[in-house]
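Chemist: What follows is each chain in one-letter form.
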Amino acid sequence: MRAGLLGIEELSRNDIDVILARSHDFQPPPQQPFKRFETLKGKTVVNLFFEASTRTRTSFEIAAKRLGADIISITATSSSVSKGESLVDTLNTLGAMRPDAIVMRHSASGAPHFLSRYLPIPIVNAGDGTHEHPTQALLDARTILDRRQSLEQLRIAIIGDIAHSRVARSNVYLLSKYSAQMVLCGPASLLPCELKSIAPGVELTTNMRQAIEGADVIMMLRVQLERQHESPIPANEYFQFYGLRPEHISLANQNVIVMHPGPINRGREISSEVADSQRSAILNQVENGIAVRMAVLERVLAPHTEAKAQ
Amino acid sequence: MSGRLIIKNGRVVDPSQQLDAVLDLAIQDGVIRLCGRNIDASGSEVFDASDMVVAPGFIDMHVHLREPGFEYAETIESGSRAAAAGGFTSICCMPNTQPVNDSPTVTSYIIERARRHAIVNVYPIGAITKGSAGEELAQITSMTHAGIVAISDDGRPVMNARLVRRAMEFAKSLNIPLIEHCEDLHLSAGGDMHEGVESVRLGLHGIPRASEDVMVARDILLAELTGARYHVAHISSKNAVEMVAFAKSRGLAVTAEATPHHFALADRDMRPYDSNYKMKPPLREPQDVEAVTRGLASGAIDAVATDHAPHPGDEKMQEFERCPFGIIGLETAIPLTLERLLHPGLVSLTRFVSMFTEKPATILSLDKGTLKTGVAADVTIFDLNQPWTYDVNKSPSKSRNTPFQGKAFKGGAVATIVGGKMVWRRDDW
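Keeping their order, the protein sequence lines are chains A and B.
With the working numbering, letter number 217 in the first sequence gets 217, and the count goes up by one each step, no holes.
With the working numbering, letter number 286 in the second sequence gets 1286, and the count goes up by one each step, no holes.
So that you can see chain A by itself, here it is in the shape it has in the complex (with noise of 0.2 Å):
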């Protein structure tokens, strides 16, 4: 059996261009509807999120049933966590079901690669804590993909909270194997310079001008202030230095791409009139999202088909 997946870190280069082609065949021609697939058909899903989440589990879901799969999704919220029932314990409860496939959202940096150490079944990372979120860097890549011609040599601005940020963290490990350049831009306090040692090809500023000057694509990070142990910038600046207006488009190369994983702080990291405009393309994200679950979830449940796709 395959394993699932954890990490864009431990994927090869291959591994991403094998997903990202895949979930090329799985978008929908424009303005024609979803093809449905039987590949996955008899194969059961269990959608477990520990945190809340609406798009994610939902895409999931969506991608689960457009492959012909059974999906049960599961809110495990922490409250009913700390009424006792160790993780370990809920996963086995769910494992002696024997659901083909485990999608799990959860707070805590680690926890899927923990389990996965001790449950059989594959588990695919929807999110752990301030660590990966593997779908969404896949998504991301796929949404620059439907626009450019490669992400080699691409300039990336990631901005926002990067010390807490998966999305940022999945998307650097993926970007850097395509030798993209990234530039880092957050507080201070919010970046730490160990990131540059993270991966190859990172830089950091403090300064958004900076990290926008040139760049092929702007992503912004949602303002995670539920992951923060202290206010590390006054709430009130945050918008003024780091919130992406339209004065900053100019800045930056032409026809750029302005992206965020959602859901979206309107007025707190980007105004409406760049989120809305003509350079964003956030509701293509959203929707990407469906094509690189299902290609994923194809690669974890049903190997063969994505090799004789190929």
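Everything labelled a hint here was simulated from the structure, so no lab data went into it.
Just so you know, not all the hints are guaranteed correct.
Stated by the list, open to error - Between beta-carbon pairs, the in silico distance windows are:
(1) Thr1350(B) to Ala3(A): 50 to 60 Å
(2) Asp1314(B) to Thr77(A): 17 to 27 Å
(3) Thr206(A) to Arg1268(B): 19 to 29 Å
(4) Arg1425(B) to Ser12(A): 51 to 61 Å
(5) Asp15(A) to Asn1160(B): 28 to 38 Å
(6) Asp89(A) to Val1022(B): 54 to 64 Å
(7) Arg1268(B) to Gln240(A): 31 to 41 Å
Said to hold, decoys possible - In silico contact screen, one side only, chain A against chain B (beta carbon under 8 Å); selected entries:
(8) Leu87
(9) Val88
(10) His113
(11) Phe114
Glycine included, C-beta positions come from ideal geometry on N, C-alpha and C.
Following the hints, position chain B against chain A.
Modeler: The following block gives chain B in isolation, referenced to the frame of chain A:
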């Protein structure tokens, strides 16, 4: 009691007497009678220690026995058995039990339980503050009369410098050391591992080196102010080692211990999200490992101590950030120290023995750590070369939280003698 035991032909290494020679050691009525050549063994029990080292009983000045309060994790008895199986004849237990050892009642309870159930000597360490809450001083004087050998709020460092000053004044007047777990709790808040490239990569909250360093600096200055004996527990950062060396060069009564895991492992050696690598202070970077190793070689760091911290499996089988800090270490201390310090030639055998005997005995003013004639016969016999593999499932400890399961070692404890009685002997070599 008239049993006579002769330990034959061992390499007797006793730094307290500058002794290193192949000799026999005679023990009778629980005390060391004689150390010499060709002692007549007729009518005596004989232990053949050929090709082994015979040393004063090893002392671990930093363990957690979990009793009273957390007997599911360890008891005084099970912890003492793990100590014996690691070659330790004396252990000092930290006060973070339930209730905290902050009163003579708890101190006496521990001493009484140890007298009945422990197979090695147990010396309690008392709390600095009531409940180790860091707010008001514990009953330091009456605990000292009841038998504590040091004070510490291990695991819950005292953040209030004024309180530390007062505690040091008491400690000085009572001639006991103050042992600090050096961690500025504001700087380390929320942290699960050393702050560095690895923590950023794994998305885990970091504990910066500076959280240790600022406390070491503060306390050294307070030791200078008060003249107290100050001991840094489980030193792990390069800066802290340098500051302790500096304090020593100024003639201050500052000492330090290091744990085997802090000189055997760095943060990058951690199996990702495996809580058997989660402890405080955290595993730091290779440059810190190097500084701790060199500090032990130079004497800037005086002693090796394990910080044996048992936690049952279910507590460690959780999300990394929810797991408690700490690992067990009594049975892996000698082999890890052999591997990292003696075998590479960084320390002499005399210095190796001293780190486990004379040094901790001096720091704590214990009448231990020597094989002089007439003292209680606490003896550690160990081997330098025997290859073996550590299997935690055979441990007498009640807990299994170690990163060293299945590790291959060269050399380790062979027999442990406490008060003339052989309390443990390895049976599978």
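Chemist: Hints first: check each against the structure and report whether it holds.
Modeler: Okay, the hints, checked on the actual structure:
In this structure, Thr1350(B) and Ala3(A) meet the distance hint of 50 to 60 Å, their C-beta atoms being roughly 52 Å apart. Taking 17 to 27 Å as the suggested C-beta distance range, the pair Asp1314(B) and Thr77(A) conforms, at roughly 22 Å. Taken as a hint, the range 19 to 29 Å holds for the pair Thr206(A) and Arg1268(B), whose Cβ atoms sit roughly 28 Å apart. A hinted range of 51 to 61 Å for the beta carbons of Arg1425(B) and Ser12(A) is consistent with their spacing of about 53 Å.
Separation of Asp15(A) from Asn1160(B) is about 54 Å and departs from the stated range, judged on CB atoms against 28 to 38 Å. Distance hint check for Asp89(A) and Val1022(B): the Cβ-Cβ separation is about 57 Å, which falls inside the suggested range of 54 to 64 Å. One distance hint, 31 to 41 Å for the beta-carbon pair Arg1268(B) and Gln240(A), holds here, with the actual separation near 39 Å. Hint on Leu87(A) holds. Least Cβ distance to chain B is approximately 6 Å, under the 8 Å limit.
Because the closest C-beta pair between Val88(A) and chain B is about 5 Å apart, less than 8 Å, the hint holds. Of the supplied interface hints, the one on His113(A) holds, with its beta-carbon coming within about 5 Å of a beta-carbon of chain B, less than 8 Å. A cut of 8 Å between beta carbons decides the hint on Phe114(A): the least distance to chain B is about 5 Å, and the hint holds.
Checked against the numbered hints listed earlier, the structure breaks hint 5 alone; every other hint is satisfied.
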